[in-house]
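Trainee: Here the protein sequences come in this chain order: R and V. Heads up: the first sequence begins at 250 in the numbering used here, then just goes up one per residue. Heads up: the second sequence begins at 8 in the numbering used here, then just goes up one per residue.
Note that these hints are calculated values from the structure, not bench results. You may find that some hints are simply not true.
To be verified - Okay, derived cross-link-like pairs now, BS3-like style, lysine-lysine, Cα gap no bigger than 27 Å in a straight line:
#1 K534(R) <-> K511(R)
#2 K16(V) <-> K340(R)
#3 K331(R) <-> K92(V)
#4 K591(R) <-> K17(V)
#5 K549(R) <-> K660(R)
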Amino acid sequence: MIELSLKQLSSQLAGRKISSVELTQLYLDRIQQLNPEINAYITLNHALALAQAKAADQRIANNEASPLTGIPFAQKDIFCAKGWRTTCGSKMLENFIAPYDAHVIGKFNQAGAINLGKTNMDEFAMGSSNETSYFGKVQNPWDRTRVPGGSSGGTAAAVAARLCAAATGTDTGGSIRQPAALCGISGLKPTYGVVSRYGMIAFASSLDQAGPMGRSAEDLALMMNVMAGFDERDSTSLQREAEDYTRSLAQPLQGLRIGLPKEFFGEGLGADVGKAVEEAINQYKKLGATVVEISLPNSKLSVPAYYVLAPAEASSNLSRFDGVRYGYRAAEYSDLADMYEKTRAQGFGAEVKRRIMIGTYVLSHGYYDAYYLKAQKIRRLIAQDFVEAYKHCDVIMGPTSPSTAFKLGEKGDDPVQMYLSDIYTIAVNLAGLPGMSIPCGFGANNMPVGLQIIGNYFDEARMLNVAHQYQLATDWHQRAPQGI
Amino acid sequence: MSLTSDDVKKVARLARLAMTETEIQAAHAQMTGIFGLIEDMQAINTDGIEPMSHAQDLAQRLREDAVTETDQRELFQSVAPQVEKGLYLVPQVIE
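Excised from the complex, chain R in its bound form (with noise of 0.2 Å):
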């Protein structure tokens, strides 16, 4: 039952086959069983996600289902999701439970899709490897000693572990395709305004995007069929009309252009990433495909813009952090700008205050121009890269991550390092680009390896097809870690 697509289990449990109770309570038997160990989720409230499964068999039984009706799906512990605590990996949110449904918690629940738990993730979804979490570190399930990659590591860990169906995340600079990557599973990060932030707690609102992990590119499509969508309650929402992701799965990729960008296979890349990628690459010529060599010559500058742009949004963004409204309050200080710092300081993690330093600073006075103003510059220029790449190519395919797993540990004391194994991912978020990573082969040490494809901006269905067809030829994806 833990191997089947959600189209599968949407099959069994319009047949009868299984109950969203006995579906539901499968699945919280194994988070009990190997939880504990991997601490891929932060919370887990049996009784809420009992009843939603007990209505959802209602539904069911009264010829009511949707697609994702009845099936249990892990939420990102980013979104607010009523009644729930919601922590955002940080102790600041330890006992905050949300008063609302963020607009993604929303629609599943209008899905009638089960909500098993919230995932573990980097504090405030700043890091690359789920250790900066309050709530401690997260295990690859494929290797207990690695990290799951992150912001999303708790979700990616969860999928792979098969401790739910599917599950969200969200992506300011790679935090839902590097740990899909990392965990072997599949990730989509849509066009940036595709999927509503509201209720999604804001790291840097220009860059952050929600979007769906599964096993399969199918599953990621009847998951956006969900999410996606119109919110008059973000501002950056886009209107648009409703699409079907699934419409164009079946398509083959005869003809299909793929830009292979020179960069992305330089100096820096591992050579087992390489070769996997390579490998895909060669599978997708067979599929059909042409291959082009492009070049996006400003993307070596998306590290140095991003790590301007994103901790200048996040400082601002998290000076709501005060103490007063909600969160975490210093237990004594002495007056109202003591008690700002005091509840702060013991409120954040090293990281998390590192990115609110970084933040202020760019934009305190004197140095806005040279820092901010400039990487906003810089900022276009690699959006620039991208059109003029999509003249020649439909879908960039390159590494999602230049190494597979890193050993828990290995990169913590070291943000400069840390923050180097994004290179893939960043300058998608900054074009506002969506894009995916679905794995491809292994690397040293058995570890999966993950295959970025970047699409222009509203491509997501073809991207699902250029996935889709990739997952029908190979079957990476339905590899399982072993004892899981």
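Please build the complex by placing chain V on the supplied structure of chain R, with the hints as guidance.
Mentor: Frame of chain R, contents of chain V only:
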């Protein structure tokens, strides 16, 4: 650019983050490393390039100025650290 530990102290104060002298020193070293990475930007000529503040070049949407929210004060204040009679309590700021 060279960041001094006085700069770091000033930034910590602006960001409302209490930091000990040891933490200031550690932050100074790490921020210097990170700015080493960021400085790569300065090598690029960006004269005449329009800054890109957002992924979509769209104007901000407007809506009617109408009441859309219901009063949920009690629910929202139920997660506050300290409230009394519907008010958020903070340390006294005016004598």
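Trainee: Hints first: check each against the structure and report whether it holds.
Mentor: Going down the list of hints, with the structure as the test:
1. K534(R) <-> K511(R): holds (18 Å)
2. K16(V) <-> K340(R): holds (24 Å)
3. K331(R) <-> K92(V): holds (24 Å)
4. K591(R) <-> K17(V): holds (16 Å)
5. K549(R) <-> K660(R): Distance ~21 Å between K549(R) and K660(R) Cα, so the pair holds.
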